[in-house]
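Join the two chains into one complex using the hints; note that each chain is given alone, in its own frame.
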Amino acid sequence: MLANEKIAIAAHLHVLLRRKTGRVTDTEWMVSNREYALEIVRFAREKATQDGHADLGIMANRLADIMALTAPAQAAPAPRAAQAKAAPEPGFNLFTASRSFGDSESAQAPRYVAGLR
Amino acid sequence: MYHCKQSIALAFSLWLTVMAPVHAQTSPAAPAALTQASQPVPDTAPPPSVPLAATPVSSASSGTPAVVLAPQVVVPTPPAVVPTPPAVVPTPPVVVLTQPGLVRADSLNGADTAWMLMATALVLLMTLPGIALFYGGMVRRKSVLNVMASVLATCAIVSLLWFAVGYSIAFTPGSSALGPYVGGTGRLWFAGLDYIKDAQQVAVSHIAPNIPESVYAMFQLTFAIITAALVVGAFVERMRFSATLIFMSLWTLLVYAPIAHWVWEPSGWLARLGTLDFAGGSVVHINAGMAGLVCAYALGPRRGYGREAFSPFNLGLTMAGTGLLWVGWFGFNAGSAVAADGRAGLAMTVTHIAAAAGALSWMVAEWVTRGRPSLLGLCSGVVAGLVAITPAAGYVQPSAAVVFGMVAGVACYWGATGLKRLLRADDSLDVFGVHGVGGIVGSLLTGVFASKSLAGVDGSVLTQLIGAGAVMLYSLLMTALVLWITSLCVSLRVSEADEIEGLDITQHAERLGT
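Taken in sequence, the protein lines are chains F and V.
Numbering of the first sequence is given in the numbering used here, commencing with residue 1 and proceeding in unit increments.
Numbering of the second sequence is given in the numbering used here, commencing with residue 1 and proceeding in unit increments.
So here's chain V without its partners, still in its complex pose (with noise of 0.2 Å):
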């Protein structure tokens, strides 16, 4: 009897060791149920290691037959009295955020967290320092620090531009008229974005509901600032330093913020046509190129421009630009994923494999045409294959990836040549040329090599090129218009004295040292 009240007591202690985990497993948690409603396309990731952990037991390839633990198994089986669990565990109902919220704290996932820190730290790091060496290395020895200044000082206004209007209007839904146009006004001056410690509840945005707002408001403003610093380079060592400031503060609220709303917002027009834009092809890059060509336009050219060399201050600071580019290109585009996740890991690997091969694509085009291949050339593809890899990072393959890369280089290559040589506009540092073109040939090779296993729908190139074409209309429409009112406030141009003293002492009264 005692043998038997034992084998019993052994029985079910050994049954509640093999299905504990089990159970654990399959227990979905509320904030896993709204999490995986909440997100704008499914991630495609295998499905979770309950199967995976039977494997063993039911392999033919192990040469295990399926009732291997049977000689394990020397108790009999638990009595009908012992309680089973239930056959469905009960769910809680799933909550599908349409905007931002508060949520328990213990909701939001760790990893995708830390991640997207990391990742908003990575973009950051491509503006300050990186664009700035990045364009600083190009000008003329006179106007270095004036570009330096012009993209912390962009990165300054942005960033308070942002927190009082940007983000709000980006990244909330619109009233129901102009909801697909522009946001809300629920998060000006950040308003909401809070954490309660009592409570335990955090904002989240629709978006991303698995980390805290704050922190994806602070992933989507270093976007702000890099598209913003972009544009730079298109009117460097001409534009007076206030008017830098007045556009690009009018620019984010009036040209950026709305195209992020249209693209990314759910309820943004361009989403809800299909278009896909993983990181930012056409709100970054064809954004900042066309704006760039306007402003090249707009103010006209250098003095001596197209009689006189103008030869780059420092490539080898250009040459550091580009590195801190690409590492932070990974926070860029795996960034987007919003998650710690096999979509980041993806987006990852083939943004280095498009860098690399946008690298050696217009070192052969240049190679071929001009005799050599320059550090410059080199510089430049790899930023021509990270701008076209950045709209389908998380939603193509690595094999794509070698394409994407391959023909950005030589269209870029062309884009800052050929094409700029027809367009007879002073886009100084090829903003149009690189990310112009970059970010088109991106948008569209998107339509043609998205995955339906990865991106959730196929790639459509028509509806990619009605997205880019949206975007380059409206960008040279309104970065015209922004130009005009800055014009009305202060002269666009230094005088040409100005010029030739050029624009560090003229503007900034300092002098870069030997």
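Just chain F, with the same shape it has in the complex (with noise of 0.2 Å):
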């Protein structure tokens, strides 16, 4: 397999890790060093099954399969304290109230980009 498209594919993944999650990763180091890539894909695959991102756990597979990793097919369960942490906030419906203000995309954008409030 070429460079190139290891790149490539951390690369995606790395775009995506950081719209659904905010994680900032390091694309480079993610395909040169075998337990910082494997650790990434684990993180894909929970956060995939825990906020029901389909893509982010087709890129993860990806990487897995290129970089010839092996890590199982399904992430295992969330622990019951990160499921109560990704549970909806009580109260306002977040996403209605954002809409209101005309702000539903900085809602969910990762901190800090595009704005610092």
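Misleading hints may appear alongside valid ones.
[To be verified] If you want a taste of the chain F side facing chain V, the calculated C-beta under 7 Å gives, among others:
| no. | residue |
| --- | --- |
| 1 | P110 |
| 2 | Y112 |
| 3 | V113 |
| 4 | A114 |
| 5 | G115 |
| 6 | L116 |
| 7 | R117 |
Simulated from the structure, these hints should not be mistaken for lab results.
For glycine and all other residues, C-beta sits at the position ideal for the given N, C-alpha and C.
What follows is the structure in structure tokens.
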């Protein structure tokens, strides 16, 4: 497999992770360090399961394939604490309120991307 | 006979004792007359204490009859030959200043002067180190020193330009044709800001005849400094330092000073129109916000904007800056009363209330939409409330200040998030979102809430809209022109390599320690 293809998939996963979870990763290190790639794949699959991001899981599997990583196809169920944390905030519906401010995008955007506040 | 003479003498001395203070209170001195006639907006403080002194005698609530003093007046009425004081104390002619001039030193008000000296220091504290810390904490670590250097250098360069040109063209009446738009040249290089000890004369501004003109000029200087320093927040982390200096110099003279003249000099066209701007909602905040937006568009976004997380260096510094801004704003708003009087006290009160309401309002808006109340949000809400109450500080009641703060908190939160994304400009530290939007909100609400009993006139939303719109349009066009002129001298942006490296090391050869 060409190194460029590895980098392309890693970069795609990098973008998805940043957009969906706010986690910033190192693309070059991902294709050169097996342990790091393994951890990123595990994290991506966990988030895909928890938050229902199918594309994140697909890209994690592609990276795992291309890097010949031996990782389980299905991520282990998330710990109870993590599930509780992922539960929506009580009270106002965030998305409805966000739309009323014209800010639905920023409500889900990673912190400090395209704005401080 | 002896007792009769003694009684007459006693009666006369008692009469003098009773009447002397009354005469002292009712004899207006020349400076007082001049002051009251020269104030652009008459204060509505309660009348002098003469009626109050008489209250206990005639008060029905005390249950004491009006003749309560009668038993004490055991002496007969003074004879007719006793010289009675003239019924009308001759009043010196009232002098209304229409331009700066010399007056007797003893005509100044010591309390007003002391307060304005204090207020001037407070407003300077808002910039140094208030704005420097507030902005410095929000940029990335590699450009913190550049932001602080930009604020400090702006302070220095604006100070010299204000001394040389700015004050004169802003706060003196202009020639007849240009008078409504720009001031005269009589105070260039602070000419005429005299204090003549031997003759006991001192120069005063026609806008503030109770304090030395030197103090008034310094007070207004601190406003010019902070307005320019606010604009820095829009172009951080990418503007060349030399370009910043040139831009700030031209901007202060071509944009800030004329707008200050329009709004605050009595011959200015917006002042004549009746636009209310107590402490700079349009002159300072709308102006700075609009200029910041133009800068953000002209310079373009930072490298990686919208794709990378630009983590702030230290929000603790931003919190410290916010505290200094909040305290300094008392000088900003209460100082704009140009007197240590009831209006100044009211301005201080509404300033504090609006800041608190703004902080909570922003916090709730952020909590609802993002699920977390951030420290930066609280700090921003404080500033939003302070900005909004600025044009109204001396004109509205404390209850209205709550509305100002609450509306501004939500509006500025939207300005710094939703509106920012609509505008698609890298207004890096949200100068327009907070100061521009907050200034517009405050100016319009001033038209709603300004009370005639406080402001001297009823507020008009239409007039306020015209004032805010004129300032926005002028600031937009002239800031673009100033940036273009600056770009002819030096490149506005640093190179891409320098931006990646950070402006601290590439512009100043310095790096922040650990």
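Does P110/F pass the interface check with chain V, least Cβ-Cβ distance below 7 Å? 6 Å, holds
So, as I understand it, the hint says V113/F touches chain V; can you test that by seeing if any CB pair is closer than 7 Å? 5 Å, holds
Less than 7 Å between beta-carbons is the criterion; does G115/F satisfy it with respect to chain V? 6 Å, holds
Given L116/F as an interface hint, is the shortest Cβ-Cβ distance to chain V below 7 Å? Because about 6 Å separates L116/F from the closest Cβ in chain V, which is inside the 7 Å limit, the hint holds.
Interface hint compliance - Y112/F to chain V, C-beta minimum distance less than 7 Å: Y112/F check passes; min Cβ-Cβ to chain V is 4 Å, inside 7 Å.
Interface restraint verdict for A114/F against chain V (beta-carbon cut-off 7 Å): Holds, about 4 Å.
Interface hint status, R117/F versus chain V (Cβ within 7 Å): Where the cut-off is 7 Å and the nearest Cβ of chain V is about 4 Å from R117/F, the hint holds.
In summary, this structure violates none of the numbered hints.
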